Amino acid sequence: MKRVKIITYYIVIVLLILTIPFSILQILNAMISQKYETNSSTDCISGISGENLCLTKMVYQWLIILCGLLLVLLIIFRKRFINKNQS
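Per my numbering, the very first residue in the sequence shown carries number 1; after that it's consecutive.
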């Protein structure tokens, strides 16, 4: 059972680490879309897809912060998560 907890712990760590660069790429994608798909750089609604690009950027920024905090907490409390309810 302990081995399953360790494997799950490391899978979650890897997913959190991979989510951060993915979110950065999505923010860059929204910034490029904002530059080329709107009438001015201050507009937030895409003229092609109708998507709110400012909201997209904000959601991915918060996702980066959340993943970073979870990553730090998981690393700090590593022993507590892995050794919980040990028989």
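Since the hints were derived computationally from the structure, they do not count as laboratory data.
As the structure is a prediction and not an experimental result, all values here were calculated from the model.
C-beta: ideal position from N, C-alpha, C; glycine also.
A couple of the hints might just be wrong.
As the list claims (entries may be wrong) - Derived Cβ-Cβ restraints for the label pairs, each shown as a range:
no.: 1; residue 1: 38; residue 2: 1; range: 51 to 57 Å
no.: 2; residue 1: 41; residue 2: 20; range: 34 to 40 Å
no.: 3; residue 1: 59; residue 2: 3; range: 34 to 40 Å
no.: 4; residue 1: 79; residue 2: 32; range: 39 to 45 Å
What hint numbers does the structure not satisfy?
-> 2
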